[in-house]
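**Student:** Using the sequences provided together with the hints, build the complete structure.
Here the sequence shown stands for residues 1 to 95, numbered as in our numbering.
Hints are supplied without guarantee of correctness; some may be wrong.
[Stated by the list, open to error] Taking lysine to aspartate or glutamate and the EDC-like style, the derived pairs with C-alpha atoms no more than 20 Å apart in a straight line are: (1) Lys-3 to Asp-66; (2) Lys-68 to Asp-7; (3) Lys-68 to Glu-13; (4) Lys-3 to Glu-74.
It should be emphasised that the hints constitute simulated quantities derived from the structure, not laboratory data.
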Amino acid sequence: MYKNLYDSHVHSENSPDGRDSVLRLMRTARQNGLRGLCITDHFDGIAFAERSYLRSMRQTQRDIADAKAALGGEPLLTFGIELGAPHLYPAETAA
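**Tutor:** As C-alpha cells, this is what we get:
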C-alpha cells in the first residue's frame, strides 16, 4: 500500500473550475489518507483584469493559511498556480 499519496493538482472554489473550499479539500484528503495536496487554481492571462485572478490567488493563499491553522497542518498543504498561455500574456503573468 502506498503511504505517501499526494495530489498535486487540485482546484478550490477560487478557481473557475473548482467548487470546494480549501478546508473541505483538506478534510477530504485527510479522510482518504492522502499525505498532501497542492492547490493549483487557474491563472489565465487573457481574463486577468476581468475576472480578478490576482485577488483570487490572494484569497487562495489566505484560505490555505486558515485551513492549515484549523487542521494542524495535516495533510501537507502547498500552493501552486496553473498558468494558462503565459507566453501570450507575459505582463499579466509577471504581475
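**Student:** Could you run down the list of hints and mark each one as holding or not?
**Tutor:** Hints and how they fare:
Among the hinted pairs, Lys-3 with Asp-66 is inconsistent with the structure: their alpha-carbon atoms are about 26 Å apart, more than 20 Å. Simply put, Lys-68 and Asp-7 have alpha-carbon atoms about 16 Å apart, close enough for the 20 Å limit, and the pair holds. Pair hint Lys-68 plus Glu-13 holds up; C-alpha atoms about 17 Å apart against a cutoff of 20 Å. Distance check on the hinted pair: Lys-3 and Glu-74 sit about 14 Å apart at the alpha-carbon level, within 20 Å; holds.
Comparing the model with each numbered hint stated earlier shows that hint 1 is the single one that does not hold.
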